[in-house]
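A.B. asks: Given next are the chains, with one letter for each unit.
Number of protein chains: 2
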Amino acid sequence: MTPNVVEIASLIGDASRAEMLMRLLGGKAMPASELARAAGITPQTASSHLAKMVEGGLLLQESHGRHRYYRLANQEIGHALEALCAISPSKPVRSLRESDQTKTLHFARTCYDHLAGEVGVALTERMVELGFLLENHRDFTVSSEGETWFQSFGVDTEQLRSGRRHFARQCLDWSERRHHIAGALGAAMAHRLFELLWIERVPGGRAVSVTRKGFEAFKRELGLEWELAGSVQNIFKNDRMC
Amino acid sequence: MTPNVVEIASLIGDASRAEMLMRLLGGKAMPASELARAAGITPQTASSHLAKMVEGGLLLQESHGRHRYYRLANQEIGHALEALCAISPSKPVRSLRESDQTKTLHFARTCYDHLAGEVGVALTERMVELGFLLENHRDFTVSSEGETWFQSFGVDTEQLRSGRRHFARQCLDWSERRHHIAGALGAAMAHRLFELLWIERVPGGRAVSVTRKGFEAFKRELGLEWELAGSVQNIFKNDRMC
DNA sequence: TCCACGATTCGATGATAATCGAATGCTTAT
DNA sequence: ATAAGCATTCGATTATCATCGAATCGTGGA
Numbered sequence: 001m002t003p004n005v006v007e008i009a010s011l012i013g014d015a016s017r018a019e020m021l022m023r024l025l026g027g028k029a030m031p032a033s034e035l036a037r038a039a040g041i042t043p044q045t046a047s048s049h050l051a052k053m054v055e056g057g058l059l060l061q062e063s064h065g066r067h068r069y070y071r072l073a074n075q076e077i078g079h080a081l082e083a084l085c086a087i088s089p090s091k092p093v094r095s096l097r098e099s100d101q102t103k104t105l106h107f108a109r110t111c112y113d114h115l116a117g118e119v120g121v122a123l124t125e126r127m128v129e130l131g132f133l134l135e136n137h138r139d140f141t142v143s144s145e146g147e148t149w150f151q152s153f154g155v156d157t158e159q160l161r162s163g164r165r166h167f168a169r170q171c172l173d174w175s176e177r178r179h180h181i182a183g184a185l186g187a188a189m190a191h192r193l194f195e196l197l198w199i200e201r202v203p204g205g206r207a208v209s210v211t212r213k214g215f216e217a218f219k220r221e222l223g224l225e226w227e228l229a230g231s232v233q234n235i236f237k238n239d240r241m242c
Numbered sequence: 001m002t003p004n005v006v007e008i009a010s011l012i013g014d015a016s017r018a019e020m021l022m023r024l025l026g027g028k029a030m031p032a033s034e035l036a037r038a039a040g041i042t043p044q045t046a047s048s049h050l051a052k053m054v055e056g057g058l059l060l061q062e063s064h065g066r067h068r069y070y071r072l073a074n075q076e077i078g079h080a081l082e083a084l085c086a087i088s089p090s091k092p093v094r095s096l097r098e099s100d101q102t103k104t105l106h107f108a109r110t111c112y113d114h115l116a117g118e119v120g121v122a123l124t125e126r127m128v129e130l131g132f133l134l135e136n137h138r139d140f141t142v143s144s145e146g147e148t149w150f151q152s153f154g155v156d157t158e159q160l161r162s163g164r165r166h167f168a169r170q171c172l173d174w175s176e177r178r179h180h181i182a183g184a185l186g187a188a189m190a191h192r193l194f195e196l197l198w199i200e201r202v203p204g205g206r207a208v209s210v211t212r213k214g215f216e217a218f219k220r221e222l223g224l225e226w227e228l229a230g231s232v233q234n235i236f237k238n239d240r241m242c
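If you read the sequences in order, they're chains B and D. Mapping of the first sequence onto UniProt numbering: position 28 corresponds to residue 28, and the numbering continues sequentially without gaps. Mapping of the second sequence onto UniProt numbering: position 214 corresponds to residue 214, and the numbering continues sequentially without gaps.
Treat the hints as calculated values from the structure; they're not laboratory data. In this text, a Cβ means the ideal position worked out from N, Cα and C, and glycines have one as well. Some hints could be false.
Claimed, not checked - Here are the simulated lysine to aspartate or glutamate pairs, DMTMM-like style, with alpha carbons at most 25 angstroms apart:
#1 D:103 / B:76
#2 B:103 / D:34
#3 D:52 / B:14
#4 D:52 / D:14
#5 B:52 / B:19
#6 B:219 / B:129
#7 B:52 / D:19
#8 D:213 / D:156
#9 B:52 / D:14
#10 D:219 / D:129
#11 B:219 / B:113
#12 D:103 / B:7
#13 D:52 / B:7
#14 B:103 / D:156
#15 D:52 / B:225
#16 B:219 / B:200
#17 D:28 / D:156
#18 D:52 / D:113
#19 B:28 / B:14
#20 B:103 / D:139
#21 B:103 / B:55
#22 D:103 / B:139
#23 B:52 / D:7
As the list claims (entries may be wrong) - Beta-carbon label-pair distances, calculated as ranges:
#24 D:226 / B:197: 47 to 55 angstroms
#25 B:48 / D:131: 35 to 43 angstroms
#26 B:69 / D:66: 56 to 64 angstroms
#27 D:223 / B:141: 21 to 29 angstroms
#28 D:148 / B:129: 27 to 35 angstroms
#29 B:47 / D:223: 31 to 39 angstroms
#30 B:136 / D:153: 24 to 32 angstroms
#31 B:161 / D:144: 37 to 45 angstroms
Produce the entire structure from the sequences given, and follow the hints as far as they go.
C.D. replies: Printed below as a string of structure tokens:
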């Protein structure tokens, strides 16, 4: 088993590749050129890196016209990267700007294609508390009350269950060190939250902010509330790794 | 934050260093020469690697006579390595021997200095179930019934609390994907289990086996039992990474 | 058909780092 | 004191690989 761990670790242990992986952790597929620009390298070099990561099973490639889109191969890779973030000792903060970025990422972000950070964890735990979700080994199951709630929320659990993807996984959150919900159900929840405009992507990164509407809705529908820190509204371009 | 993740990942992403780290994951400190032998490299090369890992904060060094012992710098590093194991896709099993090794490691092993694997997780969850331990964010706390039980079991919680080390941490188990108990209390538990001869180290690796006495005692004292698979008694020399 | 553009391949370069032989320090044993 | 053994440092070698320029491939638009 050893060589596999070594291979993955060394793939991540390169600055350019790590930067690209972090971009992809936002959940969206991205064309090679964009990833090259993000990592600050030429398209040739990027192409080489991307090929290696596909070979190593970290990424999948999909061709659309003359563009080639890359995305994380599966949710496990997302988990892996999050786990590595959790591992790395946090460096002392350099700038106020950086601190804001960190705060915003800790508050809410996308992890592969579901919701992580304080908001993701709180939402998950609240749904457990309300009896909608049941923790079961490394997964969640949905109770009958839960089924009703998801239906009314606009998430079709039946359909999700029919897919090949894991239905509802527990995903360890690096900032909170608690589990949040992942898998098909986690992705569907996040998608619906975006759709309802309770949350929205912060341009240029994988941070997510809760809209005014979202704050009210979370409180009304689920009894969840957060102090509305100033940093939450902050927009930043260059979110680095964690 | 990025550079830190990259640095750690690249430190782990070298075959020789990874081999040494895995040896150290057994929890014991080891002299440089032994680590060199384990990794199949000369002492000079090993020395260079070890210096890098100390520099990178992964290892600590302690001199005893003409030997220099190395050990993991802290429990977080152990967590990190375990997490990486959980991340890596499991390769197809090559030999029956290898399969046995994996089974044995999954069943019970030391993680840094506490108990992991099926046994570690089951023990932890049983103690939560019995109300001795309470899950609290990323830690455990001990209830008053718990205090009594630990006392009777021969673990002095008072003394453990006085140390600088985290008292009782949740540690994610890569094979079970559930939490087991770590920190000072986890270490003390493991130590006491070795002392009582409920468990014993399998020579040559970090696998642990449950003794006959242990099987009976776990059942009698805690109502825990496992099917006594043949593989459990197997002894193997070369446990590789996972 | 021809051109523009994204992406990749090839080849060369340069930097990094893993490795080991030889020499040096330091500690214990005789 | 002298020898033996563990560990490290130094220097040289070698291999690996990230990087980019130039050329090629393939798709889409003119």
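A.B. asks: The structure should be examined with respect to each hint, and the outcome stated for every one.
C.D. replies: To see whether the hints hold, each was checked on the structure:
1. D:103 / B:76: 22 angstroms, holds
2. B:103 / D:34: 44 angstroms, violated
3. D:52 / B:14: OK: residue 52 of chain D and residue 14 of chain B at ~17 angstroms, within 25 angstroms.
4. D:52 / D:14: It holds: about 12 angstroms lies between the C-alpha atoms, which stays within 25 angstroms.
5. B:52 / B:19: With a Cα-Cα distance of about 15 angstroms, the restraint between residue 52 of chain B and residue 19 of chain B holds, given a limit of 25 angstroms.
6. B:219 / B:129: 15 angstroms, holds
7. B:52 / D:19: With Cα atoms ~23 angstroms apart, residue 52 of chain B and residue 19 of chain D stay inside 25 angstroms; holds.
8. D:213 / D:156: 23 angstroms, holds
9. B:52 / D:14: 17 angstroms, holds
10. D:219 / D:129: 15 angstroms, holds
11. B:219 / B:113: 24 angstroms, holds
12. D:103 / B:7: At roughly 23 angstroms apart (the allowed maximum being 25 angstroms), residue 7 of chain B and residue 103 of chain D satisfy the hint.
13. D:52 / B:7: 19 angstroms, holds
14. B:103 / D:156: It is violated: about 39 angstroms lies between the C-alpha atoms, which goes past 25 angstroms.
15. D:52 / B:225: Judged against 25 angstroms, a Cα distance of about 46 angstroms means the pair is violated.
16. B:219 / B:200: 17 angstroms, holds
17. D:28 / D:156: 22 angstroms, holds
18. D:52 / D:113: With Cα atoms ~23 angstroms apart, residue 52 of chain D and residue 113 of chain D stay inside 25 angstroms; holds.
19. B:28 / B:14: 21 angstroms, holds
20. B:103 / D:139: 23 angstroms, holds
21. B:103 / B:55: Given that 25 angstroms is the threshold and the Cα spacing comes to 35 angstroms, the pair is violated.
22. D:103 / B:139: 22 angstroms, holds
23. B:52 / D:7: Roughly 19 angstroms separates the two Cα atoms, so the pair holds.
24. D:226 / B:197: 47 to 55 angstroms: Since residue 226 of chain D and residue 197 of chain B have Cβ atoms about 51 angstroms apart, the given range 47 to 55 angstroms holds.
25. B:48 / D:131: 35 to 43 angstroms: 56 angstroms, violated
26. B:69 / D:66: 56 to 64 angstroms: Given about 58 angstroms between the Cβ atoms, the range holds.
27. D:223 / B:141: 21 to 29 angstroms: 25 angstroms, holds
28. D:148 / B:129: 27 to 35 angstroms: 30 angstroms, holds
29. B:47 / D:223: 31 to 39 angstroms: 58 angstroms, violated
30. B:136 / D:153: 24 to 32 angstroms: 30 angstroms, holds
31. B:161 / D:144: 37 to 45 angstroms: 43 angstroms, holds
Taken one by one, the earlier hints fail for this structure at numbers 2, 14, 15, 21, 25 and 29, listed in ascending order.
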